[in-house]
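K.L.:
One-letter residues, chain by chain:
Number of protein chains: 2
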Amino acid sequence: MKLRVVVIGANAAGAKAASKAKRMNPHAEVTLIERGNFISYGACGIPYFVSDTVADVKELMSTPVGVVRDAAFFNKVKGVHVITGTEVVSLDRQSRTVQLFEKESAKAFSLEYDRLVLATGSSPSLPPLKNRDLGNILTVKAIEDAELLKERAVTGKRACIVGGGLIGLETAEALRQKGLEVTIVEMRDQLLPGILDPEMASLVERHIRQNGVEVETSCRVAGFDGTGVVNKVLTERGEIPADVVVLAPGVTPNVKLAKEAGLEIGPTGAIAVDSRMGTSDPAIYACGDCCETTHLVTGKKVHVPLGSTANKQGRVAGINASGGEATFAGILGTSILRVFSVNAGKTGLTESEARAQGYDVETVLSPAPDKAHFFPGAKPIALKLVADRATGRILGLQAVGEGAVDKRVDAAAAAITFGATADQLSHLDLAYAPPYSAAMDNLIVAADILKNKLAGHARGISPRKVRQMLDDGDDFILLDVRSPAEHAEVGIEGATLIPLGALREKLESLPKDKEIVTFCKISLRGYEAQKILDAAGFRDVKFLDGGIMTWPYELRRGGGA
Amino acid sequence: MKLRVVVIGANAAGAKAASKAKRMNPHAEVTLIERGNFISYGACGIPYFVSDTVADVKELMSTPVGVVRDAAFFNKVKGVHVITGTEVVSLDRQSRTVQLFEKESAKAFSLEYDRLVLATGSSPSLPPLKNRDLGNILTVKAIEDAELLKERAVTGKRACIVGGGLIGLETAEALRQKGLEVTIVEMRDQLLPGILDPEMASLVERHIRQNGVEVETSCRVAGFDGTGVVNKVLTERGEIPADVVVLAPGVTPNVKLAKEAGLEIGPTGAIAVDSRMGTSDPAIYACGDCCETTHLVTGKKVHVPLGSTANKQGRVAGINASGGEATFAGILGTSILRVFSVNAGKTGLTESEARAQGYDVETVLSPAPDKAHFFPGAKPIALKLVADRATGRILGLQAVGEGAVDKRVDAAAAAITFGATADQLSHLDLAYAPPYSAAMDNLIVAADILKNKLAGHARGISPRKVRQMLDDGDDFILLDVRSPAEHAEVGIEGATLIPLGALREKLESLPKDKEIVTFCKISLRGYEAQKILDAAGFRDVKFLDGGIMTWPYELRRGGGA
Ligand SMILES: Cc1cc2nc3c(=O)[nH]c(=O)nc-3n(C[C@H](O)[C@H](O)[C@H](O)COP(=O)(O)OP(=O)(O)OC[C@H]3O[C@@H](n4cnc5c(N)ncnc54)[C@H](O)[C@@H]3O)c2cc1C
Ligand SMILES: Cc1cc2nc3c(=O)[nH]c(=O)nc-3n(C[C@H](O)[C@H](O)[C@H](O)COP(=O)(O)OP(=O)(O)OC[C@H]3O[C@@H](n4cnc5c(N)ncnc54)[C@H](O)[C@@H]3O)c2cc1C
Ligand SMILES: CC(C)(COP(=O)(O)OP(=O)(O)OC[C@H]1O[C@@H](n2cnc3c(N)ncnc32)[C@H](O)[C@@H]1OP(=O)(O)O)[C@@H](O)C(=O)NCCC(=O)NCCS
Ligand SMILES: CC(C)(COP(=O)(O)OP(=O)(O)OC[C@H]1O[C@@H](n2cnc3c(N)ncnc32)[C@H](O)[C@@H]1OP(=O)(O)O)[C@@H](O)C(=O)NCCC(=O)NCCS
Ligand SMILES: [Ca+2]
Ligand SMILES: [Ca+2]
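Chains as they are written, first to last, in full-length UniProt numbering: chain F, 1 to 561; chain S, 1 to 561.
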């Protein structure tokens, strides 16, 4: 008899698992079941459909050559039998049977499997909120949601996005581009929590505000008000008028089926799987948003639901379910988004995450142009590297800016996967020509700074600490070592100017025992000033990490003496 | 007494070594000697100065904030003493002395060192050619060359570039942009030898031709003709009229000083160094274009003169020369260029290089859009992966296309550094969102294809072999599995059409024992067709690697039945 492979859920993970299972074992009978009407769609493209960047929703469901991936396509091209509009309501592991319910016909039936793949995905995590059921309070997860949101997103209206994560920000941009007034409300004290550390997130926030989006952080939503349709969002801090509300709160894995069937659920609340994507039942695999995976830096279980991972895991599940052999080791939590013209990404651990895991961390903030500075179109990007002080091992990278952030995240992801140290990262043979990077790529420079810090040659101080020292009126010298012209244009209130080129001659004018914090545009010259002062016997000199470019607080514009 | 560090050669490697030596040991006396008049300039930017992309040559010698890096700058900012216009004519290792000759004053003098750094760089390798000394036969290496070339490169003139490597191609573009007629003459049978395999190079060649540049490969230059100034280039295959000739033949390390002083010269002809950049004399270091390094894939010594490497090596030499401790493990031969709107890069070994090293290789050709295909601005790139069949280890990546080639090269460089296998590459947690890649990045897809090939699931055949079979009139079926519309638009002469979606129903129409080569636009469907035919008992089915997109030969345009 033919091997019967049944896959539940027909989006990224399930469609991939089914397609691969059939290629792997052409004699298997592969059935793909989906409760919705759409299958194999790019949910990640929804924000671009909402903003009209992608004109037709069909493009999100088509192959690169324009063929719609519908049931007929899967049947003819992939050799996979697809059943849509049909929910799997339970599964019986004893008899290896799934019970199905076809919505339109209200018909229940069942299907036997030899191997089952759970690819049930995730759903928006919706906390109970007052008047949640008012009209125009929407989520963005599936194609139907996208169509509804696009219909309701009419120029001149006011939108409120609840949640300042990836999907919240992408949706905010989409609605702003459609001409709506947009406010983002985030419970935590920063945007993109879990993706960026606060100072990096504030660079994104600044950019979003410059594009006309209101941002309210540290603001908890209590509920909504309106008659029939929503007209305001109620928060602890007051009301926000809104004709359309988008809930973008993060997602919860769909584990009901698995749980009821007694499959092991992991510590993250997602389905527990081994490296073969096997569940606690040897006949059942899971993949994609419904299951957890291993973080390659910490070795701990995590739930990071992404389309990239869903496809990789689906492929592994498909191979194993059809009699092959494959493993998936885990992820780095790599994430990225573009919002307006800024790119923001991370891989590995943020500083907050690393500290929470108990690492003694060293960090680097390194802003610089993404190409040779003389090359037209070079744009700034800021990198933040996080490393384990004990071993020099790179724990994570964050990158924000209008330039090529994705490239540095990907190279770092590859390096971190293999446990790269600061020294190894600094010597990577990255591709250099002026249209692509500086002779020493941003990543190489960041790694050099890290090596300097780890060896005690360089001493940085974070913007947050310097802000605190200024606010507390601490007795220290904030030393701007840029040129007079740069100093006049923009600066940090309270700084003293001695251009780097003059520093060696003006050492006498500075007290040797006072704390000195040097800075420049990016703190390259700030670091050189530290070296000069160190050598001259100054006792307590540090440079402001990242200089003016990553200073997340207010800057003096003009008027520098 | 202070440690006296003398550095010979004041461009990328030397300027870096000197600056770092002084930071590392502020009490050292660091002297940087240069025979030319310019120091610390970005030679890599020369083509962009020639094309007017960079307006002022000073930009190539300035810091990102616009300060010119002249002798005064090095003195004041870096604490390094610079002597220009002065050649080191010999060095006496016994007395630790260098003999100098100042050109303008014709004055000879000497200087003692405790530690010496050789950063003498490289010079164009100029074979003896007939009438080489005619006017307007130029090279591109230093700022003076750039200024001269820019002066002579006048619209309407005819230029001939001798050498189809990185610098030749970049210069060809620059001159074309200035309105000259341009011909590239390359001795070998392809452009970019040593950087790309032939089929990848031909994609670049096609692009360059489309931009109006003539390309003559397999063409050896014998000499020049003209009266006073050149007016033609003499080749084995005839004459090429030219008012300006640029010799771009590759470079030779400047090892005269080192050789005469009895320092060890390595098998590549460059100065031999250990991982501390130490030469055979413990008081002397070398870095940059003048020395060799280790290839991290083969473990063999190589000479790959690049500005990126020069900076890294300079830093290591500077640290060690001033009493610190650092090592440099080696390189991957990573190279990249942009020519017109195509990007071409490589890291690790090409197929030719790998075969020459004795590896049993497997290769993949994988063309695909560089972003989600539905995302506006997505552009195609073609990847070629080369792997060791025995271990699955990735040996190299080449990438060509209008899209983000550099990102894939850098991620692969990081992975290859750590000995990544196909399976590890395929599971890298690369950053995905629609503006950056497909859900499965091009690199992931290429690695999956590689795994399929290594496991025997996928069988490819190279374009070259298929072209040969067609030319020989071999008895096989070339099966186009695209849609009728795609087939009508463009195709390969001699192919039979059965769209993939119809293949399962039309199996009867194909003979089971004949050799079948399937293809589509990129050979994804070609591969699926192979799987379907395999399962149906067809005995000899392969897909054309890379499909239409990387077919380096003529394509039928229109007229597909
Ligand atoms: C707006 C948006 C933007 C995003 N952007 C990105 C991005 O930029 N990058 C990225 O990597 N990821 C992104 N994602 C996440 C990505 O879309 C998901 O990770 C991916 O879709 C997960 O695929 P999956 O197949 O595991 O789960 P899902 O996409 O959730 O699919 C699961 C399917 O299973 C079906 N199903 C569930 N239970 C049953 C049942 N009992 N019976 C039958 N069918 C069932 C569901 O109807 C659903 O169709 C984004 C998501 C959204 C919503
Ligand atoms: C047009 C062009 C484009 C390029 N593009 C790229 C690119 O895109 N990417 C890339 O990575 N690399 C590129 N390169 C290569 C890069 O410029 C070199 O690798 C880099 O300049 C090497 O630096 P170096 O200091 O080792 O040697 P050099 O730049 O050769 O400098 C050596 C210096 O030493 C001096 N010198 C030599 N002997 C003596 C002596 N006896 N006494 C005193 N002084 C001496 C020389 O005058 C010279 O200034 C390009 C080069 C050119 C010419
Ligand atoms: C498309 C989808 C149905 C998967 O189906 P699939 O058949 O595995 O995927 P593709 O059609 O891309 O085919 C890929 C196969 O062709 C191979 N391939 C790709 N390019 C190739 C080429 N140039 N030459 C040879 N083989 C190639 C791949 O290796 C893969 O085969 P393998 O898995 O056996 O290694 C599933 O990924 C999906 O539903 N995607 C849309 C939703 C989504 O991804 N959402 C998340 C992001 S928003
Ligand atoms: C510029 C040049 C003189 C080197 O001088 P340098 O002082 O080492 O280099 P920079 O001015 O960039 O300073 C870099 C230092 O600042 C550090 N730095 C950079 N950004 C920093 C930041 N944001 N915070 C703190 N430190 C920073 C670096 O780590 C480095 O210090 P280290 O070497 O001690 O680790 C040399 O590279 C050169 O001549 N370049 C031009 C020619 C060239 O590169 N050609 C090849 C390509 S065409
Ligand atoms: Ca170049
Ligand atoms: Ca996204």
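Treat the hints as calculated values from the structure; they're not laboratory data.
One should not assume that every hint holds.
Any copy, or any two copies together, can satisfy a pair, since identical chains are not distinguished.
Claimed, not checked - Derived DSS-like pairs (lysine-lysine); straight-line CA-CA distance at most 25 Å:
#1 Lys76 to Lys506
#2 Lys58 to Lys379
#3 Lys76 to Lys512
#4 Lys178 to Lys232
#5 Lys2 to Lys512
#6 Lys506 to Lys2
#7 Lys130 to Lys76
#8 Lys256 to Lys107
#9 Lys256 to Lys512
#10 Lys514 to Lys107
#11 Lys178 to Lys2
#12 Lys130 to Lys107
#13 Lys2 to Lys157
#14 Lys232 to Lys506
#15 Lys256 to Lys150
#16 Lys141 to Lys76
#17 Lys512 to Lys178
#18 Lys256 to Lys300
#19 Lys150 to Lys2
#20 Lys178 to Lys130
K.L.:
Indicate, hint by hint, whether the structure satisfies it.
P.N.:
Cross-check of the supplied hints:
no., hint, in the structure
1, Lys76 to Lys506, "between (79 Å within a copy, 12 Å between copies)"
2, Lys58 to Lys379, "between (34 Å within a copy, 20 Å between copies)"
3, Lys76 to Lys512, "between (79 Å within a copy, 21 Å between copies)"
4, Lys178 to Lys232, "within (20 Å within a copy, 60 Å between copies)"
5, Lys2 to Lys512, "between (83 Å within a copy, 23 Å between copies)"
6, Lys506 to Lys2, "between (85 Å within a copy, 23 Å between copies)"
7, Lys130 to Lys76, "neither (48 Å within a copy, 66 Å between copies)"
8, Lys256 to Lys107, "within (21 Å within a copy, 88 Å between copies)"
9, Lys256 to Lys512, "neither (66 Å within a copy, 48 Å between copies)"
10, Lys514 to Lys107, "neither (81 Å within a copy, 48 Å between copies)"
11, Lys178 to Lys2, "neither (52 Å within a copy, 67 Å between copies)"
12, Lys130 to Lys107, "neither (35 Å within a copy, 89 Å between copies)"
13, Lys2 to Lys157, "neither (56 Å within a copy, 72 Å between copies)"
14, Lys232 to Lys506, "neither (60 Å within a copy, 61 Å between copies)"
15, Lys256 to Lys150, "neither (30 Å within a copy, 71 Å between copies)"
16, Lys141 to Lys76, "neither (28 Å within a copy, 59 Å between copies)"
17, Lys512 to Lys178, "neither (58 Å within a copy, 56 Å between copies)"
18, Lys256 to Lys300, "within (23 Å within a copy, 57 Å between copies)"
19, Lys150 to Lys2, "neither (45 Å within a copy, 72 Å between copies)"
20, Lys178 to Lys130, "neither (28 Å within a copy, 67 Å between copies)"
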